[in-house]
Structure formats: C-alpha cells, structure tokens
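Asks: Going down the list, the protein sequences come from chains A and B. Residue numbers for the first sequence follow our numbering, so the first one is 1 and each next one is one higher. Residue numbers for the second sequence follow our numbering, so the first one is 448 and each next one is one higher.
Hints in this document: simulated from the structure, not taken from any laboratory. From the three backbone atoms N, C-alpha and C, an ideal C-beta is built for every residue, glycine too. A few of these clues could be false.
Which stretches of chain A does chain B cover? Using the computed rule of at least three CB atoms under 8 Å from a CB of chain B, they are [unchecked claim]:
id: 1; stretch: 103 to 112
id: 2; stretch: 125 to 134
id: 3; stretch: 199 to 212
id: 4; stretch: 245 to 251
id: 5; stretch: 289 to 297
id: 6; stretch: 300 to 307
id: 7; stretch: 399 to 410
Straight-line distance between alpha carbons at most 20 Å, and here's what the computed DMTMM-like set of lysine to aspartate or glutamate pairs gives [stated by the list, open to error]:
id: 8; chain 1: A; residue 1: 164; chain 2: A; residue 2: 233
id: 9; chain 1: A; residue 1: 183; chain 2: B; residue 2: 675
id: 10; chain 1: A; residue 1: 183; chain 2: B; residue 2: 855
id: 11; chain 1: A; residue 1: 183; chain 2: B; residue 2: 677
id: 12; chain 1: A; residue 1: 250; chain 2: A; residue 2: 233
id: 13; chain 1: A; residue 1: 186; chain 2: B; residue 2: 577
id: 14; chain 1: A; residue 1: 250; chain 2: B; residue 2: 675
id: 15; chain 1: A; residue 1: 250; chain 2: A; residue 2: 197
id: 16; chain 1: A; residue 1: 250; chain 2: A; residue 2: 138
id: 17; chain 1: A; residue 1: 183; chain 2: A; residue 2: 235
id: 18; chain 1: A; residue 1: 397; chain 2: A; residue 2: 138
id: 19; chain 1: B; residue 1: 872; chain 2: B; residue 2: 638
id: 20; chain 1: A; residue 1: 250; chain 2: B; residue 2: 638
id: 21; chain 1: A; residue 1: 183; chain 2: B; residue 2: 742
id: 22; chain 1: A; residue 1: 186; chain 2: B; residue 2: 855
id: 23; chain 1: B; residue 1: 785; chain 2: A; residue 2: 109
id: 24; chain 1: B; residue 1: 857; chain 2: B; residue 2: 870
id: 25; chain 1: B; residue 1: 785; chain 2: B; residue 2: 763
id: 26; chain 1: A; residue 1: 250; chain 2: B; residue 2: 677
id: 27; chain 1: A; residue 1: 186; chain 2: B; residue 2: 788
Footprint (simulated), chain A over chain B, 3 or more residues, beta carbon under 8 Å [as the list claims (entries may be wrong)]:
id: 28; stretch: 566 to 576
id: 29; stretch: 617 to 623
id: 30; stretch: 632 to 644
Each chain, letter by letter, is given below.
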Amino acid sequence: MVFLGPPWVLASGCVMAALLAPQQTYASAFDVQGLGPEGVAEAGARTTSAEDGGAAFFNPGSLALGQNAATLAIAPIVSVATLRAQDSPLPFEDPFGITLTASASIPFEGPLANRLRLGFSGHFLPTTALRLLVRSREQPFYPYYDNRTQRLVAVPALGIRVAKWLGIGFGANVLAGVQGPAKLEKGATGAPEPRIDIAANTVISGIFGIRIDTTHRSRIALVVRQSFGIPLDIDTTADMGGVPLATNLKAPSAMFDPLTIVLASGFDIGHFHVEGDISYAKWSDWQNPFLTVQSTLPGVNLVSRSSPRFFRDTMSFRIGGHQPWRTSATTSLVLRAGIAAEPTNLAGALQGMTNLVDGNKLTLGLGATFAKHVLGKTVRIGFGASGQFVSGFTQDKQPCQAVPCPVTTVAGPDPNRPSTGITNPGYPRLTASGALFSFSLGAGVDL
Amino acid sequence: MRRLAFASVVSSMLCTATIARAGAPARFGHGARSTALVRADVADTDPTNASVQNAAFAAEPGARTRVGYMHGLFDLRVHDQSANVRDVAGIDAALQIGIRLPASFSAGFALAAHLPNTAIAHIGFRPGTEPQFFQYESVLQRATFDLALAARRGPFAVGVGAAFALDMGGTGTTVSLGQDAQGTYADAASDIRLDYRAAPIVGLSLNLGRAAFGTTYRGALAVGLAVDSDIRIALAENPLNGTTSITVRGVSGYDPARFALGARVTVHPRLSLHAAIEFLRYSAAPPPVANVTLDVRLGTSPGRTEVEFVAPRFLDVLIPRIGLEWASPSGRPGDARKNDDRRIRWAARAGYALEPSPVPHQRGFTSYADATSHSFALGAGLGIGRFWGVDLRFDIAGRASVLAARTERKASLALPYSTYDVEGKTFVLATSVEGVFR
Numbered sequence: 001m002v003f004l005g006p007p008w009v010l011a012s013g014c015v016m017a018a019l020l021a022p023q024q025t026y027a028s029a030f031d032v033q034g035l036g037p038e039g040v041a042e043a044g045a046r047t048t049s050a051e052d053g054g055a056a057f058f059n060p061g062s063l064a065l066g067q068n069a070a071t072l073a074i075a076p077i078v079s080v081a082t083l084r085a086q087d088s089p090l091p092f093e094d095p096f097g098i099t100l101t102a103s104a105s106i107p108f109e110g111p112l113a114n115r116l117r118l119g120f121s122g123h124f125l126p127t128t129a130l131r132l133l134v135r136s137r138e139q140p141f142y143p144y145y146d147n148r149t150q151r152l153v154a155v156p157a158l159g160i161r162v163a164k165w166l167g168i169g170f171g172a173n174v175l176a177g178v179q180g181p182a183k184l185e186k187g188a189t190g191a192p193e194p195r196i197d198i199a200a201n202t203v204i205s206g207i208f209g210i211r212i213d214t215t216h217r218s219r220i221a222l223v224v225r226q227s228f229g230i231p232l233d234i235d236t237t238a239d240m241g242g243v244p245l246a247t248n249l250k251a252p253s254a255m256f257d258p259l260t261i262v263l264a265s266g267f268d269i270g271h272f273h274v275e276g277d278i279s280y281a282k283w284s285d286w287q288n289p290f291l292t293v294q295s296t297l298p299g300v301n302l303v304s305r306s307s308p309r310f311f312r313d314t315m316s317f318r319i320g321g322h323q324p325w326r327t328s329a330t331t332s333l334v335l336r337a338g339i340a341a342e343p344t345n346l347a348g349a350l351q352g353m354t355n356l357v358d359g360n361k362l363t364l365g366l367g368a369t370f371a372k373h374v375l376g377k378t379v380r381i382g383f384g385a386s387g388q389f390v391s392g393f394t395q396d397k398q399p400c401q402a403v404p405c406p407v408t409t410v411a412g413p414d415p416n417r418p419s420t421g422i423t424n425p426g427y428p429r430l431t432a433s434g435a436l437f438s439f440s441l442g443a444g445v446d447l
Numbered sequence: 448m449r450r451l452a453f454a455s456v457v458s459s460m461l462c463t464a465t466i467a468r469a470g471a472p473a474r475f476g477h478g479a480r481s482t483a484l485v486r487a488d489v490a491d492t493d494p495t496n497a498s499v500q501n502a503a504f505a506a507e508p509g510a511r512t513r514v515g516y517m518h519g520l521f522d523l524r525v526h527d528q529s530a531n532v533r534d535v536a537g538i539d540a541a542l543q544i545g546i547r548l549p550a551s552f553s554a555g556f557a558l559a560a561h562l563p564n565t566a567i568a569h570i571g572f573r574p575g576t577e578p579q580f581f582q583y584e585s586v587l588q589r590a591t592f593d594l595a596l597a598a599r600r601g602p603f604a605v606g607v608g609a610a611f612a613l614d615m616g617g618t619g620t621t622v623s624l625g626q627d628a629q630g631t632y633a634d635a636a637s638d639i640r641l642d643y644r645a646a647p648i649v650g651l652s653l654n655l656g657r658a659a660f661g662t663t664y665r666g667a668l669a670v671g672l673a674v675d676s677d678i679r680i681a682l683a684e685n686p687l688n689g690t691t692s693i694t695v696r697g698v699s700g701y702d703p704a705r706f707a708l709g710a711r712v713t714v715h716p717r718l719s720l721h722a723a724i725e726f727l728r729y730s731a732a733p734p735p736v737a738n739v740t741l742d743v744r745l746g747t748s749p750g751r752t753e754v755e756f757v758a759p760r761f762l763d764v765l766i767p768r769i770g771l772e773w774a775s776p777s778g779r780p781g782d783a784r785k786n787d788d789r790r791i792r793w794a795a796r797a798g799y800a801l802e803p804s805p806v807p808h809q810r811g812f813t814s815y816a817d818a819t820s821h822s823f824a825l826g827a828g829l830g831i832g833r834f835w836g837v838d839l840r841f842d843i844a845g846r847a848s849v850l851a852a853r854t855e856r857k858a859s860l861a862l863p864y865s866t867y868d869v870e871g872k873t874f875v876l877a878t879s880v881e882g883v884f885r
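Working from the sequences, and respecting the hints, build out all of it.
Replies: Here you go:
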C-alpha cells in the first residue's frame with residue numbers, strides 16, 4: 001500500500017517510539033545465535049519481512065501488518081564455538097535452546113476487527129531458566145558472547161494496524177534481578193543461623209517498532225530496543241567467632257544487552273525480497289561485566305579496583321533476502337541468505353588486570369524453507385545455518401614499573417619490584433580469535 | 448481455529464510470565480469468584496480458573512480470558528507485636544480455550560498466572576529459633592504459573608496439568624580479598640542457576656445437572672535454595688588470612704500436596720450451594736528454615752560451625768469450605784449467551800472456611816507461629832453482555848480471616864521463646880474482569 005496519510009501520523013509515531021524508549025532490550029540468544037531458521041539464514045535482517053511471532057522481537061510494527069490469522073512455530077537451535085584466548089578454547093555456555101514463536105489476530109469485532117495482533121518470541125533452555133556467570137577479573141573471555149545465551153528469553157508483543165500501510169507495535173523483554181540481604185548470625189542455639197530475604201525483582205524493558213509500506217513493493221521500518229540488564233545486589237554479613245565479615249556484591253547490569261536502534265528498508269524485485277538493516281548499539285552504557293565487591297573486615301575496607309571504560313558504541317550492517325519458488329500446486333520452496341558486519345564493541349583501552357577480548361565480526365547465513373498446503377493450512381519446515389567469524393584480538397600488557405601502579409598496568413606481588421612475578425594470564429600478550437556457527441531446524445504452521 | 452491460535456499466543460505469553468508455584472492463588476483463590484466462594488468451587492469452577500481449582504474444567508468449549516488484581520493485608524502478631532509479614536498483592540491473569548470434537552467430546556487447555564507487584568519471588572529464611580508465620584511469608588510472595596489440559600465427554604471430564612517452580616542453585620560465589628604491588632583488591636566470581644521444577648495437577652468432574660461433583664490433586668512444590676560461598680583472604684600482616692566456606696541449604700515457601708473433593712447442588716434455579724473438603728499433606732514438609740555449614744580456616748574460629756534443624760513434624764489438615772451463589776433470573780454472569788441476549792446478569796456470593804493449623808505444639812528450639820483460622824467471604828459478579836464480539840463480566844470479592852488466639856508454652860524456660868502468643872487477622876480484596884470471545 002502507498003503511504004497516503006498525513007505527516008503528523010508518521011511524526012507522532014516516531015516521536016512516541018522515541019519517547020517510550022528511555023534507556024535500557026535486546027534478547028540475547030536472538031542476537032547471538034539468531035531467531036528461528038529464517039533469522040539464522042538471513043543474518044537477522046528481518047525487520048521489515050518478519051510478520052509471524054518472530055516479529056515480536058524483530059519488529060512489533062511488522063507484526064501488526066501480518067496477513068495470517070495465526071502462526072505457530074518451534075525451532076531448536078544449537079551453536080558450536082571455536083572461540084579461543086591465549087591458545088586455549090573458551091567455553092560457549094548453554095549452546096542449545098528451543099525457539100518458540102506464535103502470532104494471532106485478537107478476534108474482536110466492530111471497529112477493532114483485524115486491528116490488533118499478538119505475537120510472542122521465546123527462547124527456552126532445556127533444564128534451566130537462567131544461568132548467571134560472573135567471571136573473575138583476570139579470566140580471559142568474550143563479553144560479547146558471555147551470559148547472552150544463558151537465560152530464558154520471553155518477548156510478548158502487541159501490534160496495532162493503524163492503516164493498511166502502517167503498523168506500530170511494542171513488546172516487552174521480561175526477567176528478574178536479584179537483590180536483598182543475607183545474614184549469618186549467632187542464633188539462640190549458639191549456632192550460626194541465616195536470615196535471608198532475597199527478592200527476584202521484575203525487570204522489563206521494551207521493544208518499539210513501526211513499519212510503513214511506502215508502496216506495494218517497498219517498506220521501511222524503525223525499531224528501538226531498550227537495553228536490558230539484570231541487577232544483582234546482595235549484602236552478606238557473617239559473624240565468624242566474633243569477627244564480623246561484611247560483603248556487598250553488586251552488578252548493575254548483568255546479562256547486558258545494549259540499547260539498539262534499527263533502521264531498515266526492504267523491497268521486492270519480482271518474487272525476490274531483499275532487506276538492508278543499519279543497527280546502532282549503545283554498548284558504552286555498560287560499565288563492565290564484573291561484580292563490584294566491597295568487603296569490610298575489622299580495620300580493613302576492601303573494594304574492587306576501578307576499571308577503564310571497556311566498551312564503545314557500534315554500528316552494524318545486515319543484508320538478507322529470500323527467493324520463493326512454487327514447486328507444485330501445493331508446495332513451495334524458499335531459499336534464504338544473509339550477510340552481516342559488526343565491529344568490535346571493545347573500545348581498545350589498555351587493560352590492567354582484566355582480560356576482555358573481542359573482534360570485528362562477519363556473519364554469513366544460508367537456509368531454506370519448504371512449505372506445503374494441508375487441509376487449508378500451510379505447514380512449513382525450515383533450516384538455517386550461519387557462521388560468525390571473529391577477527392583476531394591482540395593487546396600487549398604493560399607491566400608496572402613503580403608504585404603507585406596505574407590501573408592500566410599489571411603487577412606482581414612485590415611492591416618493591418612490581419614488574420616481577422606477574423601471574424596475570426593475559427601477560428605479556430593477550431590474544432584471541434575464533435568463530436561461532438549456529439544451526440536451526442524448525443517446523444511451523446500458518447492457520 | 449482462530450480462537451485456538453489466539454489462545455496459543457496468549458498462552459505463550461502467560462507461560463513466560465515467570466517462574467511459578469501454587470502460592471497466593473492456591474490459598475486465596477484465583478479470580479474474584481473463587482475468592483468469594485473461599486475456593487469451595489471445586490465442582491463448578493470458572494473455566495479460566497481450571498488450572499488452579501479443577502483441571503477438568505479446561506475442556507469447556509469456548510475462548511475466555513480473565514485479568515484481575517488481588518491484595519491481601521496481614522495483621523499477624525506474636526506476643527502482641529507485629530510479625531512484620533509482608534502484604535501480598537499482584538495481578539491474576541488466566542486463559543482458557545476449548546473446542547468441540549465429534550462424538551460429544553470436547554477438549555481444551557487453561558493457563559493461570561499470578562504476578563506479584565514487587566518481585567517475581569522472595570526467597571526468605573528467618574533464623575530457625577525466631578517465631579515465624581511460615582504459611583504467610585515466602586510461599587505467598589511468588590509468581591505462579593499453572594497449566595492444565597482436559598477432555599470431556601458428556602457429563603464427565605478429566606484434566607491434567609502442572610504447576611511450575613524454580614530452584615536456585617549453582618556452584619556459588621567466590622570472593623577473593625587480596626593484595627599485590629598495586630595495593631589491596633576485592634574480586635568475585637559467581638555461578639547462579641535457576642532450574643525448573645514442576646508438580647502434577649489432576650482433576651475430575653461429573654456434572655449431573657442439579658448436582659455436580661469434582662475432585663482435584665496438586666503435588667507439593669517449593670523453591671529449593673542451595674548457596675555456596677567461598678571467601679579467600681590473603682592480606683599482608685592480617686591475622687584473619689585464610690579461607691571461609693559457607694554453605695546454605697533450604698527449602699523456601701513449601702506448598703504441600705493438596706487433595707480436594709467438592710460438590711455443587713442447585714437448590715433453587717437461582718441458588719447454588721458449593722461445598723468442598725481439602726486435605727493438605729503438611730506432614731511431608733521440610734523445615735522452613737535453612738541449614739548452614741561453615742568451614743572456617745581463618746585466624747579465628749566460631750564455636751559452632753553447623754546447624755541443621757530437624758523435620759518440623761507439621762500435621763496434615765482437613766479444610767472444610769462452603770459457598771453460596773445467588774444468581775439473577777437471567778442466569779449467572781459467566782453462562783453462555785445467545786447472540787441477541789443483552790440482558791444484565793448478576794450474582795451474589797458468600798463463603799466460609801475453617802482452616803486448622805498444621806503447626807503442632809512447639810517444644811524445642813523452633814518457634815513456628817500459626818493458629819486455626821476462620822475465613823468469611825462476600826462477593827458479587829456482573830455480566831454486561833457483548834461488546835466488540837466479547838462477552839464481558841466483572842467480579843469483586845472480599846475475604847476476612849481471623850486466627851484464633853493460641854498460646855505456646857515450652858517445657859523449659861531456657862528454650863528460646865519459651866512462651867509466646869499468636870493471633871492475627873488477614874484481609875483479601877480481589878477484582879477481575881473476564882471476556883468470552885465469540
């Protein structure tokens with residue numbers, strides 16, 4: 001449909017999306033591994049083309065313009081990583097998950113008929129809802145991949161069809177943070193007894209999207225995903241034989257995903273659809289991936305060392321496309337491909353005792369979907385595979401020459417000879433490289 | 448089919464609402480009608496309430512969704528001092544979808560979620576010797592999620608489902624307090640897991656017209672907590688250098704296995720009598736306190752390094768419930784309507800339940816607090832007809848419970864809290880709106 005509406009409609013939609021997007025979502029596993037066979041194959045470039053449940057994540061505005069009464073799909077996904085640092089393989093935690101997507105029109109009548117659509121994108125781990133790993137400061141690892149596939153992702157969304165050519169929508173990324181005190185105190189029995197009051201507080205961040213069908217064959221879209229982070233703040237106190245130990249552990253944004261703004265354009269050439277996305281990710285909001293510790297012993301107050309700003313904002317590019325073929329009166333085949341380029345989110349600052357690694361990423365995806373009409377419904381089976389290749393990382397560590405040692409240096413245990421006896425695993429040179437391969441096989445039905 | 452699809456999407460959303468357990472809905476009811484009938488509606492519950500009250504009702508044909516809000520105020524006292532038990536409040540959301548099948552069969556499913564206002568879950572342990580109302584604390588402060596599937600043929604229906612919870616565990620947290628040429632530092636690494644846990648739900652119903660019968664079973668659920676902490680201290684000239692390992696193990700918010708039998712009798716075309724008796728197997732409950740083990744290798748050592756409380760030996764309880772529902776001449780608000788039926792419908796409800804305490808007389812170090820409670824409830828419902836293709840109804844309910852005063856006197860005055868009085872009142876207000884799609 002051609003965009004014929006008054007400009008204020010567009011303007012107000014964009015302003016609303018901007019105003020409603022304060023700071024902080026993303027949905028980790030969907031960004032790192034991909035969402036469904038189609039998302040994996042097209043390298044995530046589906047902001048204008050996804051109209052099924054996957055649109056809850058890609059663009060709730062596209063969800064609103066979906067034509068099917070309802071869709072349902074399930075797709076297991078598994079990743080294999082060859083990431084290495086210091087010539088040792090790095091683990092890729094929880095590489096297997098199950099993606100569930102669904103969408104449907106709310107069966108209202110009257111003025112709301114066919115106006116509202118619900119969508120859902122979910123990523124479920126087989127045995128656990130969440131695994132939060134916070135690593136020690138000296139351990140080498142990729143913060144881009146760490147803790148991003150280790151939680152249940154649940155993105156429900158509502159799409160509103162304002163006009164045939166205009167859809168807006170919003171979704172929510174929901175999970176919980178952990179806060180509260182835990183005390184170990186001497187009870188009436190003389191034995192240590194715990195007093196624990198830990199709350200898993202609800203954490204919600206939003207996804208806002210708009211899609212405009214400028215012509216029959218072209219679309220533009222804007223999506224804003226607030227950043228997502230799980231706060232962790234636990235106070236522990238213990239009495240050890242009359243000696244009080246007090247420790248506060250804090251991570252303001254564990255399992256962080258950055259504020260992301262996606263501007264996308266898609267168009268059809270015959271039956272071939274191609275889409276290009278530009279994404280801005282505000283990684284600079286992330287202070288660091290570590291726990292901040294403050295511990296008090298009698299006469300001693302210990303705190304974690306300050307860290308330099310590790311992260312920078314990134315601008316990434318994605319191009320994806322698909323070509324359908326009708327193979328018989330009731331069957332069709334869709335071939336898909338995609339490519340994406342994303343620069344490293346590390347700012348390149350000289351690191352002291354920390355050993356964070358990352359590199360520029362190039363992603364290539366391929367896949368296919370086979371569809372068959374059965375009893376008036378369309379059954380789909382799809383496969384997608386992608387490879388994300390990470391460029392090499394190298395940083396030379398600077399040994400401390402004299403106290404006081406700058407935070408950008410590493411030091412040994414002897415203040416008189418700080419450059420000797422250094423045991424930091426990243427010293428003298430921190431190196432890393434690798435790739436991530438993801439595979440998704442799924443089935444779905446259009447009702 | 449569109450309803451089914453719509454339901455699948457909404458159910459996906461509700462599924463992800465959280466982490467879950469029986470919690471507040473299993474105690475106060477899910478939705479205002481069940482609250483007003485003090486959960487005596489085992490034999491005639493709303494289809495949207497099937498996964499909480501009786502899974503068999505999930506087979507009712509049609510598509511329904513309900514959203515509501517409940518708030519519980521607690522005034523619980525020990526020795527005339529407030530026990531500082533948090534209020535419980537949150538959103539109740541539910542969905543049910545059923546379809547007709549050939550040969551007089553129908554089948555469907557239902558979902559119900561309770562989302563607390565402030566937190567998805569509270570994991571709380573008081574010191575084992577301190578008086579605590581364990582039935583009103585962590586067990587009520589959690590999001591819950593129940594799922595049921597059912598099939599019906601003629602008057603007979605059967606349903607099965609599950610209630611879900613999460614355990615908190617993992618390898619724990621390691622804190623290092625050390626020193627190098629740069630000075631002192633504090634560092635930590637952590638590995639926390641939230642693993643799934645589920646309990647079965649089973650329900651049966653038999654509807655003979657003027658009389659209906661139902662029975663349900665719900666397995667026990669609780670949140671397991673396993674937290675390990677290692678603290679390593681290596682500071683120059685510090686007498687406390689060494690390692691400390693703290694292990695905390697416990698089960699928070701235990702909800703016992705429940706078995707209920709219920710009946711509904713229509714004593715007049717406008718008056719229904721609901722009755723149920725519920726068996727709660729508290730005797731299998733683990734201690735509602737956490738056990739601690741210390742391994743201290745510092746410059747000092749505590750006198751005792753381990754505490755483990757024995758099983759609390761709670762008592763199984765039987766809870767009788769009775770409810771009355773007086774409906775308008777045009778029927779109850781939730782009953783099916785013809786397309787041209789736009790009449791207002793209403794219903795008035797009342798209920799009473801006697802809930803004995805599972806806590807036996809306290810004789811040792813523990814001081815669990817509870818007492819038999821009398822619960823009274825009133826409520827009303829209003830059906831306003833169809834708007835935009837949706838039949839709308841509104842319900843409201845209030846429930847007050849009074850704990851009978853109870854005094855505990857232990858054998859020895861040397862025991863902690865050797866004498867204490869328990870009393871209290873609780874108030875619950877619930878509202879809900881339900882839509883039935885054409």
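Asks: Each hint: holds or not?
Replies: Verification of the hints:
Beta-carbon proximity to chain B at under 8 Å applies to 10 residues in the stretch 103 to 112 of chain A; the threshold of 3 is reached and the given coverage holds. A stretch counts as covered by a chain when three or more of its residues have a beta carbon under 8 Å from one of that chain; for the stretch 125 to 134 of chain A and chain B the count is 8, and the coverage holds. Proximity of the stretch 199 to 212 of chain A to chain B, defined as three or more residues with a beta carbon under 8 Å from a beta carbon of that chain, is established by the 4 residues found. Only when three residues or more bring their CB closer than 8 Å to a CB of chain B does the claim for the stretch 245 to 251 of chain A stand; here the count is 3, and the claim holds.
Here's how the stretch 289 to 297 of chain A fares: 6 of its residues keep a CB closer than 8 Å to some CB of chain B, so the rule of at least three is met and the hint holds. Proximity of the stretch 300 to 307 of chain A to chain B, defined as three or more residues with a beta carbon under 8 Å from a beta carbon of that chain, is established by the 5 residues found. Here the stretch 399 to 410 of chain A counts 6 residues with a CB under 8 Å from a CB of chain B, which clears the bar of 3, and the coverage holds. Using a Cα cut-off of 20 Å, the hinted pair residue 164/A and residue 233/A is violated, with the two alpha carbons roughly 47 Å apart.
For the proposed pair residue 183/A and residue 675/B, the alpha carbon gap of about 14 Å is at most 20 Å, so the pair holds. Pair hint residue 183/A plus residue 855/B does not hold up; C-alpha atoms about 28 Å apart against a cutoff of 20 Å. Between the alpha carbons of residue 183/A and residue 677/B the distance comes to roughly 15 Å, so the proposed pair stays at or under 20 Å and holds. Straight-line distance between C-alpha atoms of residue 250/A and residue 233/A comes to about 4 Å, which keeps the hinted pair within the 20 Å bound.
Annotation: proposed proximity of residue 186/A to residue 577/B holds, straight-line Cα distance about 12 Å (limit 20 Å). Of the pairs offered as hints, the one joining residue 250/A and residue 675/B holds, with about 17 Å between alpha carbons and a cut-off of 20 Å not exceeded. Annotation: proposed proximity of residue 250/A to residue 197/A holds, straight-line Cα distance about 16 Å (limit 20 Å). As the CA atoms of residue 250/A and residue 138/A are separated by approximately 18 Å, the hinted pair is consistent with the 20 Å bound.
Among the hinted pairs, residue 183/A with residue 235/A is consistent with the structure: their alpha-carbon atoms are about 8 Å apart, no more than 20 Å. Pair hint residue 397/A plus residue 138/A holds up; C-alpha atoms about 12 Å apart against a cutoff of 20 Å. Taking the CA atoms of residue 872/B and residue 638/B, the gap is about 41 Å. The hint is violated against a cut of 20 Å. Distance restraint check for residue 250/A and residue 638/B: the Cα-Cα separation of roughly 14 Å lies within the 20 Å cut-off, and the hinted pair is therefore satisfied.
With a C-alpha separation of about 16 Å, the suggested pairing of residue 183/A with residue 742/B holds against the 20 Å cut-off. Distance check on the hinted pair: residue 186/A and residue 855/B sit about 24 Å apart at the alpha-carbon level, beyond 20 Å; violated. Annotation: proposed proximity of residue 785/B to residue 109/A holds, straight-line Cα distance about 16 Å (limit 20 Å). Among the hinted pairs, residue 857/B with residue 870/B is consistent with the structure: their alpha-carbon atoms are about 18 Å apart, no more than 20 Å.
Note on residue 785/B and residue 763/B: the hinted pairing is violated, with a Cα-Cα distance of about 47 Å set against a maximum of 20 Å. For a cut-off of 20 Å, the pair hint linking residue 250/A to residue 677/B stands: about 17 Å separates their Cα positions. Annotation: proposed proximity of residue 186/A to residue 788/B is violated, straight-line Cα distance about 68 Å (limit 20 Å). Here the stretch 566 to 576 of chain B counts 11 residues with a CB under 8 Å from a CB of chain A, which clears the bar of 3, and the coverage holds.
Note: the stretch 617 to 623 of chain B has 5 residues with beta-carbon separation from chain A under 8 Å; the three-residue rule is met and the coverage holds. Beta-carbon proximity to chain A at under 8 Å applies to 12 residues in the stretch 632 to 644 of chain B; the threshold of 3 is reached and the given coverage holds.
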